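A.B. asks: Residues per chain, in single letters:
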Amino acid sequence: MAAQARLKEHWREQRMFLYRALAAGVIMTALILFVIARLVDLQVLQFEHFKDLSRGNRVRIEPLPPTRGLIYDRNGAILAENLPSYQLEMIPEQVPDVDAALAELMELGLIREDDMERIRGDLARQSSFRPTALSYRLSEEAVARFAVNRQRFPGVDIQARLIRHYPHGSVAVHALGYVGSLSERDLQTLSAESYAGTTHVGKIGVEKAREDLLHGEVGYRQVLVNAQGRGLQELERDRPKPGGDAVLALDLQLQMDAEQALAGRRGAIVAIEPFSGHVLALVSQPGYDPNKFSVGISTADYRGLQENPDIPLFNRALRGLYPPGSTIKPMIGLAGLHYGVMEPWQRTFCLGHYSLPGSSHKFRDWKRGGHGHVDLEQAVAQSCDVYFYELAHKLGIDNIHDFMAGFGLGSRTGIDIPAEKGGTLPSRDWKRARFPRREDKVWYPGETVITGIGQGYLQTTPLQLAHATAIVAARGERFRPMLIAGTRDPETGETVYFDPEPMPPVRLLDERLWDEAIDAMVAVVHGPTGTARRIGEDAPYRIAGKTGTAQVITIAQDEKYDESELEERQKDHALFIAFAPAEAPRIAVAVIVENGGSGSGVAAPVARAVLDSYLLRDEP
Amino acid sequence: MLDDPLDRPRPISIAQRLLAGLHLDGPLLAGLFVLCGLGLVVLYSASGQSSTLLTKQIVRLGVAAAGMLVIAQVPPKLLKIWTPWLFAAGIALLVAVLVAGEMGKGAQRWLDIGFVRFQPSEIMKLAVPMMAAWFLMDRPLPPRLTELGVLLAICMLPAALIAQQPDLGTALLIAASGIIVILLGGISARLIVLFGGLAVAVAPVLWMNMHDYQKQRVLTFLNPESDPLGSGYHIIQSKIAIGSGGLFGKGWLNGTQAKLEFLPERATDFIFAVMGEEFGLLGLATIMILYALIVVRGLYIAIQAQDTYSRLLAGSISLTFFVYVFVNTGMVTGLLPVVGVPLPLISYGGTSMVTLMLGFGILMSIHSHRKLVTQ
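Sequences listed follow chains A and B, in order.
Residue 65 is where the first sequence starts when you use my numbering, and the numbers rise one by one after that.
Residue 90 is where the second sequence starts when you use my numbering, and the numbers rise one by one after that.
No lab work stands behind these hints, which were simulated from the structure alone.
A portion of the hints provided could be inaccurate.
[Claimed, not checked] Quick list of in silico lysine-lysine cross-link-like pairs, DSS-like style, CA-CA up to 30 Å:
no., chain 1, residue 1, chain 2, residue 2
1, A, 272, A, 356
2, B, 169, A, 72
3, A, 72, B, 460
4, A, 115, B, 339
5, A, 458, A, 431
6, A, 72, B, 166
7, A, 495, A, 458
What you are looking at is a predicted structure, and each value in this text was computed from that prediction instead of being measured.
Take these sequences, add in the hints, and give me the full structure.
C.D. replies: Structural data, given as structure tokens:
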């Protein structure tokens, strides 16, 4: 057989195919007859039975949305809960004339005119078989009014739903985020099946980050419905599984005190527990009321928020990019020690300005006339610019870049809520890649000089500053900032905490070098010459801090400017970083007050208030 | 058994001349036209009289018909040359989708190539039978056992890749299109019985040994979109819709089951039930016969084809089309488990419509490019 050549026999193959095709035809006919027989069974033999089923009461399956998980602060205070509310809902597909129905409902006073634009938007965005909320928090009287007119509105019904409520209003809104109406776009990333019946979904902040935990699992019930599709009787119920609770690292009291300290200003505060990375407070002022989003924010309100010049929707703590200014001086000092370009006791003579060798350009010190002879501690305490101009020049930009990268400046910290920004930590490579034009790609020595005092290309978020401060406080130990500390099972009440997530630590040439920087930071607050000595005078604990001022506009050479003449929006940003107690740090904080003027006068007292709130509290 | 060219009706009327010039097949075209027309009528009702949905479907049909027209111009000779490349490209795209899916999150079936998004598994619906036919075209039939191994690999490799997406329903249908080629290729009856018997014997043993939750998992795997309460709900509602339609139906736009939203996926997978409610047994039987006529014409084209490649390909395309019809109608009437297979050419949406029409384009090309003088 193997030796015999196999040849194609066309005639035979053709005949074989014919038989096979005919066989296939016969099988197909049999299968079609099978289906038709089934149809005869359903449509002729069982016709009466199915006709009755179709005419009489029918079973419909309705999804039961799960109860959204709660959000607690670290001490068990509730930050987000669910409140019962009667709401008017429409399933557009079941409504013969949507516009007419909306108009009639408005006439009955069941829809507010302000909401019409929002409702139309929601109707356009959502699938026509999903319920769209027309109005929330109906009064008993309004519910009764609808009940009387109910038969006029097929596809419209009152539902008792739970709506998301944030009992403290705008407090911590930039950490918590909010929930908003579930849109068609949300369903592209979520499973439509498990969101059947769910009307709201986390849009930002913790609500979005842990949507998977908070949402829970959908349940179902079988209901008998009449010919108009209204429910008559429940037959069976498959309970939904409520969403898990999120326990935040956030401390509500601290958060509220911090917001109070920044009240009326624009700015941000981030407080971190150094040895765990727990975010104790995350403030971005001004904030807004997330409760408006859970009841369908009206178009006018939303536009108001968007057009507010203070941009309340903008999360300054995570996304605001500011030059860190003098707050990075302790770290630049550490870099100098680590790379061995200077010793802590070495002094620089500060005349009030600095020039690069062979250049006449003067880099000014903030203090006219200069600081005289300063060593590292005094340079940090008095925030001498000239000292750090010179040090930066000695270090070179690439050393500065590599060292600062260890503190996470200019890159995302990896905090566990979305939408964080990275910022910029400049280097030669960065500049080469960043600019398209050849002449812009060159790194100039002068750019290194101003990087030494946290100006120039350097841009960081308040979160990054707090993170870096926490790393100094923990002497190089580094933990990923963590807003969500654990999860709580709503049924058993059992809380599971996440482990802190260590990141690659900052290792210095010698561990003792940390003391030099930390002592200098203590001198900022408690030293006789410290720029923030005013907040140290009566402090019952020792604070290590550093003031900073970030220029908003550039001042021309040798031009003295008068703060009061500047427009409010052109004033410098005031910054302050601190941790305390200096010997055994429990909290690290970064404060930025936009256009606050001076770090020592404005930002430092805010930081002191934050530290007091946390450290001087009567423990329960 | 060979065609006598003189027996063939010569193009006489203008219409026939036009059809011949465009390489179209009259009977097949007529069948498709009637079927799609009826489909649109039903879809209008099933979609809750949505003109936007209808317009989208008409545009899609237009695109699909254009594709069919273009493919019909391509002689099978060229298709043969393209076959291995098409198959290789399809495999590469499937791997690309898997890799992209790994990097993205969750299931990924779509590939975005700028202006259009499509599922590479659609390519495979045609590429697998083409490849199987290509492999057999110059080999003596029936294939030997080693060749059978290669053929099974041609069917199973893409099916396995698609099953990873995960889309088991499509994977099985694509494997089926290749297996049909093997069956038509003359694999001996004994082997068919052996393989068939093996599958039939193993399946229940496997099934019996599974835990309830595993069975449930398999069922949900087959149809991830199914109602969490089980496919039972779909089937009950679908049977009520069909059964209450009776002999003549409730009339167009008068189906209450569909209207009141009892019937899920009524414009897509369960559109057959809408048809049953509104047009009754008469309507459904008509549709079934129409489908049968289209498949019979396809088989006729396959029988008339002049080489192995065309014959096997045409046979597979026609019979796979019938498999789709049977799986969907069987599912909607409760004869088969719920797997998400749309009713071909009638259900709303899907790139699958374009693929189906391209398949018919291939049938027309095969039929119209025959050499009229033989031997």
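A.B. asks: All hints are to be evaluated individually against the structure, with a verdict given for each.
C.D. replies: Okay, the hints, checked on the actual structure:
no.: 1; hint: A:272 <-> A:356; in the structure: holds (17 Å)
no.: 2; hint: B:169 <-> A:72; in the structure: holds (18 Å)
no.: 3; hint: A:72 <-> B:460; in the structure: holds (20 Å)
no.: 4; hint: A:115 <-> B:339; in the structure: holds (11 Å)
no.: 5; hint: A:458 <-> A:431; in the structure: holds (22 Å)
no.: 6; hint: A:72 <-> B:166; in the structure: holds (19 Å)
no.: 7; hint: A:495 <-> A:458; in the structure: holds (20 Å)
Hint check: no violations occur; every hint is consistent with the structure.
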